[in-house]
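Line by line, the protein sequences are chains A and B. Residue numbers for the first sequence follow the working numbering, beginning at 1243 and rising by one. Residue numbers for the second sequence follow the working numbering, beginning at 30 and rising by one.
Warning: the hint list may mix true and false statements.
[Unchecked claim] One-sided excerpt, in silico: chain A residues whose CB lies under 8 Å from chain B: (1) Gly1258; (2) Leu1283; (3) Leu1285; (4) Leu1320; (5) Glu1344; (6) Phe1348; (7) Gly1349.
[Claimed, not checked] DEER-style ranges, computed between Cβ atoms: (8) Leu47(B) <-> Met1296(A): 42 to 48 Å; (9) Ser113(B) <-> Lys1260(A): 39 to 45 Å; (10) Asp1268(A) <-> Glu93(B): 28 to 34 Å; (11) Gly82(B) <-> Asp1301(A): 26 to 32 Å.
[Stated by the list, open to error] Okay, derived cross-link-like pairs now, DSS-like style, lysine-lysine, Cα gap no bigger than 27 Å in a straight line: (12) Lys78(B) <-> Lys1299(A); (13) Lys1299(A) <-> Lys1313(A); (14) Lys87(B) <-> Lys1245(A).
No lab work stands behind these hints: they were computed from the structure. Just so we're clear, the structure is a prediction, and the values are computed from it rather than from any experiment. A virtual CB, placed ideally from N, CA and C, is assigned to each residue, including glycine.
Okay, here's what each chain looks like letter by letter:
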Amino acid sequence: DVKVTQSSRYLVKRTGEKVFLECVQDMDHENMFWYRQDPGLGLRLIYFSYDVKMKEKGDIPEGYSVSREKKERFSLILESASTNQTSMYLCASSLPFKGQRETQYFGPGTRLLVL
Amino acid sequence: AQSVTQLGSHVSVSEGALVLLRCNYSSSVPPYLFWYVQYPNQGLQLLLKYTTGATLVKGINGFEAEFKKSETSFHLTKPSAHMSDAAEYFCAVSDRERGQGAQKLVFGQGTRLTINP
Chain A
1243 DVKVTQSSRY
1253 LVKRTGEKVF
1263 LECVQDMDHE
1273 NMFWYRQDPG
1283 LGLRLIYFSY
1293 DVKMKEKGDI
1303 PEGYSVSREK
1313 KERFSLILES
1323 ASTNQTSMYL
1333 CASSLPFKGQ
1343 RETQYFGPGT
1353 RLLVL
Chain B
30 AQSVTQLGSH
40 VSVSEGALVL
50 LRCNYSSSVP
60 PYLFWYVQYP
70 NQGLQLLLKY
80 TTGATLVKGI
90 NGFEAEFKKS
100 ETSFHLTKPS
110 AHMSDAAEYF
120 CAVSDRERGQ
130 GAQKLVFGQG
140 TRLTINP
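Okay, chain A solo, but in the shape it has when bound (with noise of 0.2 Å):
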């Protein structure tokens, strides 16, 4: 089984601090996400990255960088968190897309709160 796993459940965090979010996936899997999710607004994509050292911006991107040094692992980053980045992140990661092989299986979510 295809196995996510996120390095924090809860976190609370300070307003202005650098907050890092580490996302490790088990499949050798080259395509990673990260989302958040917030009430009424389903899942929005902040960052993706289809290789190592590889990213892109999603929809959401600002406020946040990204890190994907080694092919297992990728990481968002806060550089300075605010009140309005509590939420639920999580991540994902797929296959490339090979007709059939692009579902993307999540991680259990970081639910951040910044105060």
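Since the structure of chain A is provided, determine the placement of chain B on it from the hints.
Just chain B now, kept in the frame of chain A:
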């Protein structure tokens, strides 16, 4: 650009009744369509997906969905609801315009399903 609309943010049904969760999509290319389920305090789990071929897709836990191109819909159904079906359900469409590399998903707003005993 793709988009997804889920009709009804909350749906409540009685145990044993039909479950119908509605999803309409917009896509400029033939879509890949997905339904994911999220149980409380968990990540998303794939229920089923449509890529090509048969338009009626069967998934896990007795759910199925039918792709109707003429109606741009991909509604999720289950003949008889169970208490364990209580969760949030997300419909998503895949960006197939990229020939290779990462296929982005565009999600709907989600529908919270409540099952009444």
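Given Gly1258(A) was flagged as interface, is its beta-carbon under 8 Å from a beta-carbon of chain B? 28 Å, violated
Kindly confirm whether 39 to 45 Å is satisfied by the beta carbon distance between Ser113(B) and Lys1260(A). 41 Å, holds
Checking one constraint from the list: CA of Lys1299(A) to CA of Lys1313(A), max 27 Å. Satisfied? It holds: about 18 Å lies between the C-alpha atoms, which stays within 27 Å.
Is the interface hint for Leu1320(A) satisfied, with its Cβ closer than 8 Å to some Cβ of chain B? It is violated, given that the least Cβ distance between Leu1320(A) and chain B is near 20 Å, above 8 Å.
Outcome for the supplied range 42 to 48 Å, where the beta carbon pair is Leu47(B) and Met1296(A): Holds, since Leu47(B) and Met1296(A) (Cβ atoms, about 45 Å apart) stay within the stated range.
Are Asp1268(A) and Glu93(B) spaced within 28 to 34 Å by their CB atoms? This hint holds: roughly 31 Å between Cβ atoms.
Interface hint status, Gly1349(A) versus chain B (Cβ within 8 Å): 5 Å, holds
Given Leu1283(A) was flagged as interface, is its beta-carbon under 8 Å from a beta-carbon of chain B? Since chain B brings a Cβ to about 6 Å from Leu1283(A), closer than 8 Å, the hint holds.
Taken at face value, is the distance from the CA of Lys1299(A) to the CA of Lys78(B) at most 27 Å? Given that 27 Å is the threshold and the Cα spacing comes to 25 Å, the pair holds.
Would you mind confirming whether the straight-line C-alpha gap from Lys87(B) to Lys1245(A) stays at or under 27 Å? This hinted pair holds, its Cα atoms lying about 24 Å apart.
Glu1344(A) as chain B interface residue, shortest Cβ-Cβ below 8 Å: 4 Å, holds
Interface restraint verdict for Leu1285(A) against chain B (beta-carbon cut-off 8 Å): 4 Å, holds
Going through the hint list in order, the structure does not satisfy hints 1 and 4.
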